[in-house]
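Construct all of the structure, not just a fragment, from the sequences and the given hints.
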Amino acid sequence: MRVNNAFTHDARVRREADALAEAGYDVTVFADARPELPRSERVGDIEVRRISKTSRIPYWSIARPLRDERADIYHAHDIDSLLPCLIAARLSGGRAKVVYDSHELWSGHAADKVHAKRAMLVRAEGLMLRSADALITASPAFTEVILGKYGYRGPSLTLLNVPRFFTEEELTPAWAARDADPKIRVTSVGVFQHGRGALPLIAALEFLPAEYIIELVGPIAQPEYEAAMHAAAAPFGDRVEFVGRIPAEQVVPRMAAAHISTVLIEPLSQSYQLTAPNKVFDSIMARTPMVASDMPTIARFVNETGTGEVCDVGDPHDIARAIIAANDRRDEYREAAQTAALTLNWEREKQGLVDLYDGLTR
Numbered sequence: 014m015r016v017n018n019a020f021t022h023d024a025r026v027r028r029e030a031d032a033l034a035e036a037g038y039d040v041t042v043f044a045d046a047r048p049e050l051p052r053s054e055r056v057g058d059i060e061v062r063r064i065s066k067t068s069r070i071p072y073w074s075i076a077r078p079l080r081d082e083r084a085d086i087y088h089a090h091d092i093d094s095l096l097p098c099l100i101a102a103r104l105s106g107g108r109a110k111v112v113y114d115s116h117e118l119w120s121g122h123a124a125d126k127v128h129a130k131r132a133m134l135v136r137a138e139g140l141m142l143r144s145a146d147a148l149i150t151a152s153p154a155f156t157e158v159i160l161g162k163y164g165y166r167g168p169s170l171t172l173l174n175v176p177r178f179f180t181e182e183e184l185t186p187a188w189a190a191r192d193a194d195p196k197i198r199v200t201s202v203g204v205f206q207h208g209r210g211a212l213p214l215i216a217a218l219e220f221l222p223a224e225y226i227i228e229l230v231g232p233i234a235q236p237e238y239e240a241a242m243h244a245a246a247a248p249f250g251d252r253v254e255f256v257g258r259i260p261a262e263q264v265v266p267r268m269a270a271a272h273i274s275t276v277l278i279e280p281l282s283q284s285y286q287l288t289a290p291n292k293v294f295d296s297i298m299a300r301t302p303m304v305a306s307d308m309p310t311i312a313r314f315v316n317e318t319g320t321g322e323v324c325d326v327g328d329p330h331d332i333a334r335a336i337i338a339a340n341d342r343r344d345e346y347r348e349a350a351q352t353a354a355l356t357l358n359w360e361r362e363k364q365g366l367v368d369l370y371d372g373l374t375r
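The sequence shown finishes on residue 375 if you use this note's numbering, and the numbering steps up by one all the way, no holes.
Hints should not be assumed to be uniformly reliable.
Quick list of the computed label-pair ranges, beta carbon to beta carbon [unchecked claim]: (1) P232 / G372: 36 to 44 Å; (2) R313 / G139: 20 to 28 Å; (3) I70 / A312: 39 to 47 Å; (4) D325 / G37: 44 to 52 Å.
Derived DSSO-like pairs (lysine-lysine); straight-line CA-CA distance at most 30 Å [as the list claims (entries may be wrong)]: (5) K66 / K110; (6) K162 / K110; (7) K363 / K110; (8) K363 / K162; (9) K66 / K130.
Keep in mind the hints are simulated off the structure, nothing from the lab. Every residue gets a Cβ at the ideal spot worked out from N, C-alpha and C, and that includes glycine.
In structure tokens:
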């Protein structure tokens, strides 16, 4: 596997790698080198190697160690990894397969996500995909768009970014904390940046009764957005709580301690409009009523599972309306989430990945 980060917080890639290792595959993740991180380490049953991008030839620093691995399957996580994986597969001397795992809809992403080098890759995405042996995406709408846009006819799989199953016993302490909380806690978890809905959520406090508070859990990726968040929160005093990054395994219990969770992706791009964010499924696993953006894929999962309310993310008044409605119907939504969690979990979802690999190696 090749991932375009240091492989320290990438829960999706870790889950996929673990699932394949459990199924008997020998998995090595090639990640980016960082001075403070080991160049090679064992993480569970996964071998991790971190490589420096030092070559003057674009992507050769990545493709060369991948080639030397002589893998049977090269798994490219996102578009930045696809070209070096294709190069490595062709130069490895065997009959290696390439899997393109697109976590985003790169052809429909916001301009600030597509720098010059990445823009070149996006233009060549169709050509590269047709040279690959399988496609994985993180949203059913991504799969539909990519297949239609490029006419790809190979194996394809929508692999939802769902959490592992949490038992009621595991979540009981969080639910007890929720029930003992004198406030109505509205929690948003994620990396906060433009398009992730923190500002309209904070603004919604103007239309919520005083017992409602907002908890923002996660890092803030952009300094200017952090300043805007704190400025927006200032008039509300202690009704807005800022919490930093928490370990991935604590996300679902943290959401379970909330009365309401929010997934307020803003429609800044086609990729955002069609995304199936992991926090939708984390909220369901927490059995916490959800308020989410009224966009096609998100609304589909919320409405089909009956686990919350959708709203106009650009309208703080409508966000507040949805939060109050979700709290009023909390027992109904918690019961629906209990049912949905039985199917929207990694223990079930990972089988599709294993089946895809088994098909490629036959």
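Here is how each hint holds up against the structure:
1. About 38 Å separates the C-beta atoms of P232 and G372, a value consistent with the hinted range of 36 to 44 Å.
2. Between R313 and G139 the beta carbons are some 26 Å apart, a value that agrees with the proposed interval 20 to 28 Å.
3. Range check, I70 to A312: about 45 Å between beta-carbon atoms, so the 39 to 47 Å window is met.
4. The hinted window of 44 to 52 Å between D325 and G37 holds, with their beta carbons roughly 48 Å apart.
5. Taken as a hint, the K66 and K110 pair is honoured in the structure, with Cα atoms around 24 Å apart against an allowance of 30 Å.
6. At most 30 Å may separate the alpha-carbon atoms for a hinted pair to count; K162 and K110 meet this at roughly 22 Å.
7. With a CA separation close to 20 Å, the supplied pair K363 and K110 stays within the 30 Å bound.
8. With a C-alpha separation of about 27 Å, the suggested pairing of K363 with K162 holds against the 30 Å cut-off.
9. Straight-line distance between C-alpha atoms of K66 and K130 comes to about 14 Å, which keeps the hinted pair within the 30 Å bound.
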